[in-house]
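Required output: the full structure, derived from the provided sequences and hints.
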Amino acid sequence: MAKLLQVNHLRTTFATSTGLVRAVDGVSWDVEEGETVALVGESGCGKSVSALSIMRLIAPPAGRIESGEIFFKGRDLLRLSDEEMREVRGSEIAMVFQEPMTSLNPVLTVGRQLTEGMEIHYRTQPAAARARALKLLEMVGISDPERRLPQYPHHFSGGMRQRIMIAMALACNPQLILADEPTTALDVTIQAQILELMRNLSRELGVAMLIITHNLGVVARYADRVNVMYAGRIIEQATAAELYANPRHPYTLGLLHSVPRLDEPRRARLDPIEGQPPDLTRLPPGCAFQPRCKYRVERCVEAPPLVPLDAAGHCAACWEAANIASASRVTA
Amino acid sequence: MSETLLEVRDLVKHFPVGGGVLSKKTGIVRAVDGVSFDLHRGETLGLVGESGCGKTTTGRCILQLERPTSGTIRFQGEELTTLPPTAMRKLRRHMQVIFQDPYSSLNPRMTIGQIIEEPLKVHAIVTEAPARAERARDLLTQVGLLPQHAKRYPHQLSGGQRQRVGIARALAMEPALIVCDEPVSALDVSIQAQIVNLLEDLQGRFGLTYLFIAHDLSVVRHISDRVVVMYLGKVVEIADRTSLYEAPLHPYTRALLSAVPIPDPKLEARREHIVLRGEVPSPLNPPSGCVFHPRCPVAIARCAAEVPALREITPGHCAACHLA
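These protein sequence lines map, in sequence, to chains A and B. Residue numbering for the first sequence follows my numbering, starting at 71 and increasing by one per position. Residue numbering for the second sequence follows my numbering, starting at 30 and increasing by one per position.
Note that these hints are calculated values from the structure, not bench results. Just to be clear, a hint being listed does not mean it is correct.
To be verified - A few chain B residues facing chain A, derived, Cβ under 10 Å: (1) His-184; (2) Ser-187; (3) Gln-223; (4) His-244; (5) Ile-342.
As the list claims (entries may be wrong) - Here are a few chain B residues that sit away from chain A, every Cβ distance over 10 Å (derived from the structure): (6) Thr-33; (7) Asp-39; (8) Gly-47; (9) His-69; (10) Arg-96; (11) Arg-103; (12) Pro-114; (13) Leu-120; (14) Lys-150; (15) Arg-166; (16) Asp-293; (17) Glu-297; (18) Ser-317; (19) Val-327; (20) Ala-334.
As the list claims (entries may be wrong) - Taking CB as the label site, the calculated pair distances span: (21) Thr-110/B <-> Glu-344/A: 40 to 46 Å; (22) His-224/A <-> Asn-136/B: 32 to 38 Å; (23) Asp-100/A <-> Ile-329/B: 47 to 53 Å; (24) Asp-146/A <-> Gln-185/B: 37 to 43 Å; (25) Arg-217/A <-> Gln-185/B: 49 to 55 Å; (26) Lys-205/A <-> Thr-111/B: 56 to 62 Å.
From a predicted model like this one, the values you see are computed outputs, not experimental measurements. Backbone N, C-alpha and C define an ideal beta-carbon position, used for all residues, glycine too.
What follows is the structure in C-alpha cells.
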C-alpha cells in the first residue's frame with residue numbers, strides 16, 4: 071500500500087518561561103491509505119502536538135516546528151505556502167477534536183458549519199452544499215436532518231455534537247482524518263457508538279484515520295498500527311496485534327499491566343508505573359523513562375534509538391528490549 | 030454480615046428548573062429518584078453509571094452537601110436528614126470526601142501543610158500548632174509523599190501528588206466513611222494504579238469504608254466488594270462484584286460492560302459488542318415505565334407501561350428489570 075502520510079524526524083518546540091520544551095522530539099511515523107493508526111500516550115507526551123503540527127496549527131511565536139518533513143501524498147506540507155496549506159486543511163486532511171462544544175461555533179447553525187467548507191474549497195453552490203449536508207447528517211446517524219440543519223450546536227447532546235464534527239470532517243471527502251481523543255469527553259455507551267460509526271465510515275469511504283488517545287482499549291479495538299509516545303518521542307511502534315501480544319518497551323509493558331482488565335480474573339493488586347510523569351523542562355539525560363523504569367541499566371543515560379526488532383517492523387527505543395520480550399511472556 | 034455503617038432508603042433529589050425571580054418554574058430534574066442501598070463497615074461499594082445518572086448527587090446527599098427532597102440516610106445509627114446543623118457539623122468529620130479534580134479542590138494560596146492542618150484546627154482535633162504540623166507530616170508519609178512536601182504549594186505538585194494530598198486531608202479526620210467521587214478519572218493511566226493501590230492500602234490500615242463513585246467499570250471491579258449500577262436517577266442493579274461482572278442481569282449493565290474496550294486486539298475482534306441505540310433521555314422528562322426501555326435491546330410492551338421494582342433475583346443480587 072502507498073504511504074499517504076509520512077512524518078520524518080519532526081521536532082516541534084515551545085518557548086516557555088522555564089525553558090525550551092521539545093513537545094515533539096524527532097519522531098517519524100506514517101499512515102498508509104485507508105488504514106487506522108494510533109498515537110498513544112499520556113498527557114504531555116506530544117501526541118496532540120504531533121497532529122497540530124501536521125495541520126500546521128502550532129501557534130507562533132512560542133510554538134515552532136523546528137525541523138522535519140511531513141509528506142502528504144508526496145508533498146512536504148512544511149514547505150507549502152500559507153495559501154496552499156489552507157487548501158489542504160479541511161479538504162484533504164480534516165480534524166475531529168475532543169471537545170465538540172468548544173470546537174463548534176455556537177452562533178452558526180449546524181447547516182452553515184457543514185456547508186462552509188464545501189463552498190470555500192470547492193465553490194459548491196448553496197443548494198448542492200445543503201443537499202450534501204443533509205446526506206452527511208444521515209450518514210453519521212442523525213435522524214430527521216431537515217429539521218436538524220437549521221439548529222445550533224447547543225440544541226444537540228455531546229454525542230450528537232461529536233457526530234456533527236465527524237460530518238464536518240467528512241464534508242470535503244478528505245483522505246485523512248486526524249481524530250484527537252474523539253470520545254474521551256463522552257459516556258461509555260456513546261463512546262462505543264461514535265467509535266463504531268468512525269470505523270464503519272472509514273471502511274466504507276476508504277478514509278485513513280489517525281486516532282490520538284490515552285485509552286489502550288480503544289486502540290486495541292480500532293487501530294491497525296500503533297505508535298506509543300513518551301516525553302515527545304516514539305518509544306515503541308508495531309501493529310496493534312503485535313504490540314499487545316509482545317510489548318517490548320518497559321513503558322508499554324507498564325501501561326498494559328497497570329490497568330485492570332474486565333477479561334482477566336481480578337488481581338489482588340495493580341502494578342502501577344512508579345514515579346511521576348516526566349517534566350518536559352527537566353528531562354533526565356538519555357532515555358526519558360529511566361527514572362521510572364524497572365529494567366534500567368547503566369547504558370540508559372544514553373538515549374536509545376528506535377530500532378527494528380524483527381522483519382515485520384516492530385520497533386522499540388530501549389537498550390533492554392531483547393530482555394523485556396522474555397519478561398512479558400513470563401508474566402503473561 | 031458486618032455492621033451497617035450507612036443505610037440509604039428511597040432517596041429522592043429533585044432540582045427545580047427555572048423558577049428564578051423572573052421566570053416561572055418550568056420543570057423538575059429528577060436527579061435521584063428513589064435510591065436505596067446499604068454500606069457495611071469496612072467494605073467498598075462502587076457506584077457506577079454514565080454522566081447525569083445521579084451518582085454524584087447521591088454522594089452529595091449522603092454528605093449532606095445537598096438536602097434530599099425525601100428519603101432517609103442513616104449513618105452510624107443517626108438519621109442525617111433531620112439532624113440539626115450543629116450536630117451535623119460534629120458528625121461530618123466521620124464522613125470525608127475525595128474529589129475528582131485535585132487541583133480545583135485544593136486552595137492554591139495555602140501550602141500543602143496548611144491544607145492538611147486546616148480541618149484539624151477547625152474541628153479542634155489537634156490544638157497545638159507544632160503537634161498539628163507533625164501530624165500533617167505523618168499523614169503525608171502515609172499517602173506516599175515526603176514530609177518536606179508540607180512546605181510546597183499545590184501548583185508545584187503533579188496531578189497524582191495532588192490527589193495524594195486530597196487523600197491525606199480526608200484521612201486527617203480519621204473518618205469512618207470516605208466518599209470517593211471519581212478519584213482517579215482525571216489522572217494519567219500510569220498514575221491511576223498508584224492511587225487505587227494507595228486507597229486499598231489505607232483501607233486495610235485504617236479500616237475505612239469507601240463509597241467509590243466512578244464511570245470506569247474496570248477500576249470499579251478492581252476496588253469494589255459490591256457494585257450499584259445507576260441509570261437516570263434509579264438503581265438498576267446491585268450485586269457483589271463477582272456476580273455483577275460475571276452474570277449481569279440488567280440489559281443496561283450488560284451494555285455498559287460490553288462497551289468497555291479491552292486492551293487485546295485478538296479478543297476485541299471476537300467479542301460481541303452491544304451498541305445501544307440513542308442517548309440517555311433527559312431527567313427532566315424521563316420515559317414512562319422502565320426508564321431504560323427506549324434504548325433497551327430486549328424491551329417488551331410491559332416495559333413502557335410498568336416501572337420494574339428492584340427485586341432480589343438470586344441471594345444478594347438485585348435487578349430492576351421485568352425480564353430478569
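Outcome of the hint check:
{"no.": "1", "hint": "His-184", "verdict": "13 Å, violated"}
{"no.": "2", "hint": "Ser-187", "verdict": "5 Å, holds"}
{"no.": "3", "hint": "Gln-223", "verdict": "4 Å, holds"}
{"no.": "4", "hint": "His-244", "verdict": "6 Å, holds"}
{"no.": "5", "hint": "Ile-342", "verdict": "22 Å, violated"}
{"no.": "6", "hint": "Thr-33", "verdict": "25 Å, holds"}
{"no.": "7", "hint": "Asp-39", "verdict": "26 Å, holds"}
{"no.": "8", "hint": "Gly-47", "verdict": "17 Å, holds"}
{"no.": "9", "hint": "His-69", "verdict": "19 Å, holds"}
{"no.": "10", "hint": "Arg-96", "verdict": "28 Å, holds"}
{"no.": "11", "hint": "Arg-103", "verdict": "31 Å, holds"}
{"no.": "12", "hint": "Pro-114", "verdict": "36 Å, holds"}
{"no.": "13", "hint": "Leu-120", "verdict": "33 Å, holds"}
{"no.": "14", "hint": "Lys-150", "verdict": "30 Å, holds"}
{"no.": "15", "hint": "Arg-166", "verdict": "20 Å, holds"}
{"no.": "16", "hint": "Asp-293", "verdict": "5 Å, violated"}
{"no.": "17", "hint": "Glu-297", "verdict": "4 Å, violated"}
{"no.": "18", "hint": "Ser-317", "verdict": "21 Å, holds"}
{"no.": "19", "hint": "Val-327", "verdict": "16 Å, holds"}
{"no.": "20", "hint": "Ala-334", "verdict": "24 Å, holds"}
{"no.": "21", "hint": "Thr-110/B <-> Glu-344/A: 40 to 46 Å", "verdict": "44 Å, holds"}
{"no.": "22", "hint": "His-224/A <-> Asn-136/B: 32 to 38 Å", "verdict": "33 Å, holds"}
{"no.": "23", "hint": "Asp-100/A <-> Ile-329/B: 47 to 53 Å", "verdict": "51 Å, holds"}
{"no.": "24", "hint": "Asp-146/A <-> Gln-185/B: 37 to 43 Å", "verdict": "42 Å, holds"}
{"no.": "25", "hint": "Arg-217/A <-> Gln-185/B: 49 to 55 Å", "verdict": "52 Å, holds"}
{"no.": "26", "hint": "Lys-205/A <-> Thr-111/B: 56 to 62 Å", "verdict": "60 Å, holds"}
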